[in-house]
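Visitor: As a plain string of letters, each chain reads:
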Amino acid sequence: MSALVEERVGHAHPADHHPEPFWRKYIFSQDHKVIGIQYGFTALAFLLFGFALMMMMRWQLAYPGKPIPLVGPLLGQNNAPGGILLPEFYNQLGAMHGTIMVFLGIVPLAVGAFGNYVVPLQIGAPDMAFPKLNMASYWLYAVGGLIMLGSFFAPGGAANSGWTSYPPLADIATQGQTWWLAGMLFLIFSSLLGATNFLVTIIQLRAPGMTWFRLPFFVWAQFVTSFLLLLAFPALQAAAMLQFMDRVVGTSFFLPQGLVISGKVLEVAGGGSPLLWQHLFWFLAHPEVYVLILPAFGIVAEVIANNTRKPLYGYRSMVYSVVFLGFMSFLVWAHHMFLTGMGTVISSFFQTTTLIISIPSIIILSAFFLSLWGGSIRFNTPMLFALGFLPMFGIGGLTGLPLGLAAADIHLHDTYYVIGHFHYVVAPGTIFAMFAGIYYWFPKITGKKMSELLGKIHFWPSFLFINGVFLPMFWQGLAGVSRRLYDGGQQYAHAQDALWLNEVMSVSAWCLGLAQIPFVINLFWSLAKGKRVADNHWEATTLEWSAAPSPPLPHRNFHHVPTVVRGPYEYSAPEAPDTYLPQNGEADEKAA
Amino acid sequence: MQIPYTVEARPDTGLYNAKLGIWLFLASEVMLFGALFSSYVLLRTGAESWPRGSEYLNIPLATLNTMILIASSVTMVMSWASLKLGDFRKYKLYMGLTVLAGFGFLIVKYFEYTAKFAHHYYPSTNTFLGIYFTLTGLHGLHVIGGMIVNGYFWGPGSKLWRRDPERFANRIEVAGLYWHFVDLVWIFLFPTLYLL
Amino acid sequence: MERYLNLPISGSAHGGEIDFLIGLVHWVMAILFVVWGVYFVLALVRFRAGRQPRARYAGAKGLFSTYGEVGVVLVEVLLLIGFAVPMWARRVAALSPAERARAVEVRVVAEQFAWNFHYPGRDGRFGRVDPKLVSAGTNPLGLDKNDPAAADDVTTINQLHLPVGRPAFLRLSSKDVIHSFFLPTMRVKQDAVPGMEIPVHFTPTMVTPPEGRLPACAPKMDCWEIACAQLCGLTHYRMKGYFTVHDEAGFQAWLDQNAPQPAAPPAPAAPPAAAPAAP
Amino acid sequence: MSAHDVEAIRRQTRTYVMVFAALAVLTVVTVAASRLDLNPGMTIAVALLIAAVKGSLVAGYFMHLIDERKAIYWLLALTVIFFILLMFLPLGDAADSIGGVPTPV
Ligand code: HEA
Ligand code: HEA
Ligand code: CUA
Ligand SMILES: [Cu+2]
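Residue numbers (our numbering), protein chains in the order written: chain G, 34 to 625; chain U, 2 to 197; chain C, 199 to 477; chain R, 6 to 110.
All the given hints hold, so there is nothing to weed out.
Derived BS3-like pairs (lysine-lysine); straight-line CA-CA distance at most 25 Å:
id: 1; chain 1: U; residue 1: K91; chain 2: U; residue 2: K160
id: 2; chain 1: G; residue 1: K58; chain 2: G; residue 2: K481
id: 3; chain 1: G; residue 1: K564; chain 2: G; residue 2: K481
id: 4; chain 1: G; residue 1: K562; chain 2: G; residue 2: K482
id: 5; chain 1: C; residue 1: K343; chain 2: G; residue 2: K297
id: 6; chain 1: C; residue 1: K418; chain 2: G; residue 2: K99
id: 7; chain 1: C; residue 1: K330; chain 2: G; residue 2: K297
id: 8; chain 1: G; residue 1: K165; chain 2: U; residue 2: K160
id: 9; chain 1: G; residue 1: K564; chain 2: G; residue 2: K482
id: 10; chain 1: G; residue 1: K489; chain 2: G; residue 2: K564
id: 11; chain 1: G; residue 1: K562; chain 2: G; residue 2: K489
id: 12; chain 1: G; residue 1: K58; chain 2: G; residue 2: K165
Just so you know, these hints were derived from the structure itself, not from any lab.
For reference, chain G alone in the conformation it holds in the complex:
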């Protein structure tokens, strides 16, 4: 083995010797760590932007028709005359909030940033398999993001047909929709390249001894995620192309015969099918929601194992569950389409698969809960966010069950119940996991530690207010309040009793925004002035902590290739002197 190590070290990358110019090192970098950080900051910025859009919407929902204070006058006459949001602008904000949060915020953060930074380190690889492609992925993402942002300045503004872009509405929408499609094509291409890269990296570049069942759960989660991206995204790619053709060239793939728009017969050939779009869209978008959650599972697994100081409960069954979850996620998509005229046979199929897919989720969540048993739990900031994730994902997941039963979905479909369901999984769920990841790996990335005090000031209000935003949504949804309503339901008699909640949710959302200030301060302050910490600050077992310095070496990560001798979570093993046994064997040799 040592010969191999020797040989690889011998081939040291030329970059180790020549200092790279600034643009090679930080802008068009091919180092997975720099690319990961680029992804991270870009994605955080988009998250903040998506949140900002939502804060404006929440104003309109709480105080319909009142001018938005401060920002209102800046939005322009076309969008918000006198600071009052117009419905067309509200719809743009809604569609772009969804798109930005999903495709430009969470996925790039969860996969692009954490995946990129951590996966090669955890498997003991010097970099991703294809560094140039990695760079291309990031830049395609950046271009796609710019197109999305630019679309706000298109005539008629940004896309306004929801993030789902259902035709015919999207087919006849203003130009922003074309920009949306173009932007999506870039993002899709970026994700496809990224996914390919991850898969090759994980399959090919595992260090000696790193067998499949010694992979940290985070790597497994990223592995399955990449498969989802690779095989599901092409369906949206195809759909986006077809919609693009409909809008630009005048085909009618999604337009049936005899449409009458505002009293005029639409001059198209017709013969298309609006439901075709929905099939293609959800063929992607359902796996996509697992793309949002699996990396979060991965992060939570790492943080929980580390901070309970004991092995994860049922690591193997978790791995089988996550693989099964990934597979099944291709089989449930039409649970978003129960009300499109679905017959008994197909609806039974999709109801069954939907309930089946809840089982592996339950197994994983139960494993997290049971992992706490017998632990010695350290309540540091990453752990708080990881622990916060558990019940929040639980609520989100549980509320998926009534939606998965078609008969119950009759009442709940397209109401705020759905909004509540998925925000519980993505916001206090995934976003909390992302925060856990940031606090957890920050010392690895910078060699410095984030402030625990500010971290706690970040966590507790966030936890409180995020529930204040999303819990009332179930109540509204059960009353039958529809989503995507410009005035939050003012028009409707059946919404009246639940209207007062709009203000509660909005105030919570703004407080949630304020609660992020300590985080932003903490992030930048710790970057500059954080306390220096040891390489393995959390006394962790996985390779990124136990075998690499903090920060890891540019372009090669490790001083020499680690050799893996055991599973990922050997904490508090009875025979070990320490509370942790690193995955690589060197520590053992040193001890011997």
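Dock chains U, C and R with the ligands against chain G, hints included.
Guide: Just chains U, C and R with the ligands now, with coordinates in the frame of chain G:
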């Protein structure tokens, strides 16, 4: 530290990185064209009537194009085999032919398209023509992409041969896999669009 | 459970079972949540580092989770086979001929941003419609006034009236984009997809109380409503209609009142029962 | 490169030429078959069958799939499963739909 298995195969998988990479990418391409085929089938079965390809399209030209693409696939695989046999000049010849065949294909396609436009057949005319232009257009883009890659390996990219022949042969194998896939897609497009 | 879930009143024959299902699932959810929640809090307290300085390597033992998971699977199977699937089958099954004969048949045509209703009138036959005849103000359905079957057809905008106790058979379609036809009080929701016509049937079992009817209900925001649940454009948020369930006599009276005046067939009069524009 | 390998490659190139011939012949056959006035179902079946054979030849020989690593087979099997789902579930939904074409009269 260099990235392992860029040239030699990893023992347990038996693959070098780029080969696994291209197959993964092709898997996503299968899903892309699969989604479009699926759209085609759904639109066709939902349509009241559907024209036969021959009502609009020129079968002899398309047959010619099929032959051209098949031939280019052979020259492509021969160029790789020549490298394996260490015959760089043959490689150049075969690769050059492959790129030329790509041009031939596009030229024929150009005549096909302009003939359609001359008859005022546009993508917007009906769903059949819409899907015809979309599928062949996307396939055409793939051909162009392949030609750029192949052209690069025929020209400036071939310098690698002298430095690292093994690695160069791998690259040609990978480029070949992509090119054959483009051929394979056409093999399905041809009957679905023209003959049925 | 369903009583505590803030559901609107339910006035249709099948509404009760949907509410029951929603209630049942929420029971399952509540049990899971409480059991795991209690465990969670206990575990955090019991195994905090201060109290448990060194973790136990072996961790949780026993088959607690396996039993739990098997239990959940069984419950889910029961929910599916026992309730969800048969309920859905009843929702989408075709009406029996006998019921079809008793049913009130209405064509519902959605458009940006209104609901058009088309009753066949006394002859029980719908007049011919043609997209080319659509004119926004006067003939939103594109009804061919020269078709004899059309002569007695009743059309309304944003006003759906149905008799109690008889099945309603709605044929749902859309002129432009996808809308979703939502009657909260009936537990009915169905997308209206252009290019498709989707049948919906349900039986109102409750007459709209006077305070829920126009015009009495409007100032107090107490009406029985038709909502649009699918984003369909700018004023999706107020694509609202009114919905009234009458007793049989009241329904007939309403129909007669709104039947077209036979005197002037060629002049397409304004739709008889145009709703007051949404406030 | 050993003499053995060289011989193997030479043998392969002969195969390539044969495959080319087969592909060319099948192309002609499929065009000819489309001219026979078979019923529509048959026409589609024949055309797709021939395309499948041609496709397999390309994949098997030019892309070396008949002698490939397990990982690739697994990957392609997975892709094929999802491809089939994507192909047929939407069709199944259309067939099972309670909605119909609008029949106004
Ligand atoms: C990360 C994202 C994510 C995740 C993980 C899920 C998970 C699930 N989703 Fe969700 N879903 C979305 C994101 C997500 N969803 C989005 C974005 C939409 C809307 C899109 C749109 O229309 O715009 C949506 C919509 C949606 C619908 C369509 C609703 C409608 O439009 O009418 C349905 C229907 O079946 C559904 C079902 C489910 C199910 C059954 C799960 C299951 O996988 C959940 C399984 C998990 C559990 C069952 C939890 C187990 C809990 C315990 C073990 C106990 C917990 C204990 C404590 C809390 C203490 N989802
Ligand atoms: C991943 C997905 C995601 C996430 C995270 C969120 C987060 C939030 N969402 Fe959203 N949402 C969607 C996806 C998401 N949403 C989608 C898909 C829709 C449907 C759209 C449609 O109808 O088409 C939707 C719709 C939607 C609606 C319904 C609108 C309507 O129907 O009209 C509402 C209403 O309140 C809402 C609110 C919120 C709120 C308050 C948050 C908050 O939780 C946000 C919290 C965010 C943060 C706390 C981020 C803070 C960022 C930082 C701290 C970064 C710091 C930056 C630097 C250091 C550079 N969302
Ligand atoms: Cu019509 Cu929303
Ligand atoms: Cu889903």
